[in-house]
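Peer 1: Single-letter residue listing:
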Amino acid sequence: METGRKAKIITKAVNLYYGERHALKDITMDIPERAVTAIIGPSGCGKSTLLRIFNRMNDLIPGVKINGEILLDNIPVYDKNADVVSLRKKVGMVFQKPNVFPMSIYDNIVIGPRHHGIKNKGELDKIAERSLTQVALWDELKDNLKNPGQALSPGQQQRLCIARALAVEPDVILMDESCSALDPESTMKIEELMLELIKEYTILIVTHNMEQALRVSDMAAFIMIDDEKVGRLVEFAPTAEVFSSPKDPRTEDYITGRFG
Amino acid sequence: MKKFKEKLSGRIFFALALSSISALALITVFIIYKGAQTFIDVGFFKFIFGMSWSPGRDEFGIFPMIIGTVTVTLGAAAIGVPIGICCSIFLAEFAPSALQNIFRPAIQLLAGIPSVVYGFWGLLFVVPLIRNYLGGPGLSILAGAIILAIMILPTIITISEVSLISLPRHYKDGSLALGLTQWQTICSVQLPAAKSGIVAAVILGLGRAMGETMAVIMVLGNAVALPDSILAPVRTFTTNIGIEMGYASGEHQQALFATGIVLFVIIMMLNSLAQYITRRKAK
Chain A
1 METGRKAKII TKAVNLYYGE RHALKDITMD IPERAVTAII GPSGCGKSTL LRIFNRMNDL
61 IPGVKINGEI LLDNIPVYDK NADVVSLRKK VGMVFQKPNV FPMSIYDNIV IGPRHHGIKN
121 KGELDKIAER SLTQVALWDE LKDNLKNPGQ ALSPGQQQRL CIARALAVEP DVILMDESCS
181 ALDPESTMKI EELMLELIKE YTILIVTHNM EQALRVSDMA AFIMIDDEKV GRLVEFAPTA
241 EVFSSPKDPR TEDYITGRFG
Chain B
1 MKKFKEKLSG RIFFALALSS ISALALITVF IIYKGAQTFI DVGFFKFIFG MSWSPGRDEF
61 GIFPMIIGTV TVTLGAAAIG VPIGICCSIF LAEFAPSALQ NIFRPAIQLL AGIPSVVYGF
121 WGLLFVVPLI RNYLGGPGLS ILAGAIILAI MILPTIITIS EVSLISLPRH YKDGSLALGL
181 TQWQTICSVQ LPAAKSGIVA AVILGLGRAM GETMAVIMVL GNAVALPDSI LAPVRTFTTN
241 IGIEMGYASG EHQQALFATG IVLFVIIMML NSLAQYITRR KAK
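Residue numbers (the numbering used here), protein chains in the order written: chain A, 1 to 260; chain B, 1 to 283.
Heads up, some of the hints might be wrong.
Calculated lysine-lysine pairs in the DSS-like style (CA-CA distance at most 25 Å, straight line) [to be verified]: (1) A/Lys-90 <-> A/Lys-119; (2) A/Lys-90 <-> A/Lys-121; (3) B/Lys-7 <-> A/Lys-119; (4) B/Lys-2 <-> A/Lys-97.
No lab work stands behind these hints: they were computed from the structure.
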């Protein structure tokens with residue numbers, strides 16, 4: 001481990017198939033805890049697919065087959081007896097577009113904890129305050145918690161989605177291009193937030209924005225499809241290394257092309 | 001020349017479109033013209049709240065029919081709405097496509113069965129069943145409610161299912177990603193998000209139940225009296241008109257049209273409510 005941190009998630013020789021199509025091949029990586037790991041690569045290489053392996057969102061797509069070993073805290077994620085619901089409590093996700101539910105700000109935040117057995121109003125109020133404070137929305141919104149969440153600006157909505165994920169108290173947060181639909185100012189705020197959150201959480205992001213990967217991530221994984229259109233992990237190393245002295249010429253081509 | 005043709009065809013389409021609206025206007029004007037006099041002659045309150053309907057003695061009170069219409073409609077809703085909504089959830093969320101391909105056409109077929117066939121089936125099957133197992137004459141609120149519940153299923157299922165299917169996919173994904181189970185996701189995220197569509201479906205179903213005539217004439221028993229249980233026979237607005245219009249004349253006929261006005265107003269209100277709810281959602 002180059003970062004010297006303990007591995008939170010370990011994948012060993014993971015393959016993913018959409019029906020007959022081999023989408024990801026032989027993915028082996030140790031994702032360090034309390035760090036930001038960025039998954040980068042061209043469109044359609046399987047970055048989001050890889051991210052969705054970690055909270056088993058690919059299970060929802062018919063025909064998906066996965067083999068290899070994926071360990072979260074040394075526990076197999078795809079074990080026959082593994083509980084998907086408790087996995088998703090542990091591994092939260094923020095989507096590309098803010099997907100605030102059509103209900104109040106308050107209800108959006110507490111929907112997770114409420115269904116995981118917390119019924120006490122005072123406790124839920126505390127969770128709402130804590131989660132909104134974590135995403136720096138509490139001062140703005142504390143007097144309007146009954147307002148509909150979808151009336152907020154896109155940037156606020158995305159932070160609300162992060163708060164909603166945090167309310168479940170996950171260990172890992174997956175962010176699937178979570179800034180791509182936002183203006184630069186909101187993007188900055190969310191990046192600052194990530195740097196704050198890694199004190200406690202392990203974060204994985206998928207991004208098309210190389211500057212963003214460079215600004216926020218500790219580790220970078222470069223994925224690319226090979227000649228047979230199968231997604232492969234080309235390089236996985238500390239971000240500074242990947243950007244300054246990539247070992248693989250394909251990584252260098254992609255990064256220099258991206259920076260123009 | 002070309003421009004003239006364009007203009008002319010525009011006008012023709014406008015005229016044809018107008019004719020469908022004018023049909024509505026004509027019907028409205030006609031039933032009001034034919035029936036409004038009753039509200040003056042009998043008196044609005046005496047007509048609406050009168051307990052006795054006896055055309056031979058010039059007594060025109062429709063209160064028992066209001067109760068009949070409301071109880072039968074609510075009964076149909078109590079049976080049909082839960083079944084319809086559960087069916088739409090099943091089709092939208094659980095049914096594999098092979099089953100969907102059987103269910104959807106079957107439900108459409110249900111909508112295509114003539115109402116007299118429903119009535120006939122109700123008379124020969126549902127009514128004896130109620131008479132033998134629950135007592136009473138069989139011809140009853142319950143029989144009407146069961147028949148109507150089946151008849152409004154296609155409306156409720158189809159509209160609810162569309163409103164569930166057209167929800168953005170990311171609501172469901174977002175909810176599952178929070179660790180909610182599929183059932184929790186349906187109850188706490190998808191159903192509330194589709195609420196306006198489902199409420200509109202229920203209201204349109206109620207309107208359909210209230211307006212149905214032929215099927216309920218055959219199973220309701222048509223007694224003009226306040227029912228003392230759901231096993232008692234009742235008469236509704238529609239059956240009142242359907243049964244008596246054939247031989248009515250003069251004041252009697254006017255009173256039947258007045259019954260039609262009451263029904264018309266209620267159904268208009270229900271439909272406007274359904275439209276208001278779906279529009280409010282669209283904003």
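Peer 1: If a hint holds in the structure, say so; if it does not, say that too.
Peer 2: Status of the hints after comparison with the structure:
1. About 20 Å separates the Cα atoms of A/Lys-90 and A/Lys-119, which keeps this hinted pair within 25 Å; it holds.
2. The hinted pair formed by A/Lys-90 and A/Lys-121 meets the criterion: a straight-line CA distance of about 23 Å does not exceed 25 Å.
3. With a C-alpha separation of about 66 Å, the suggested pair B/Lys-7 and A/Lys-119 falls outside the 25 Å cut-off, and the hint is violated.
4. Pair hint B/Lys-2 plus A/Lys-97 does not hold up; C-alpha atoms about 49 Å apart against a cutoff of 25 Å.
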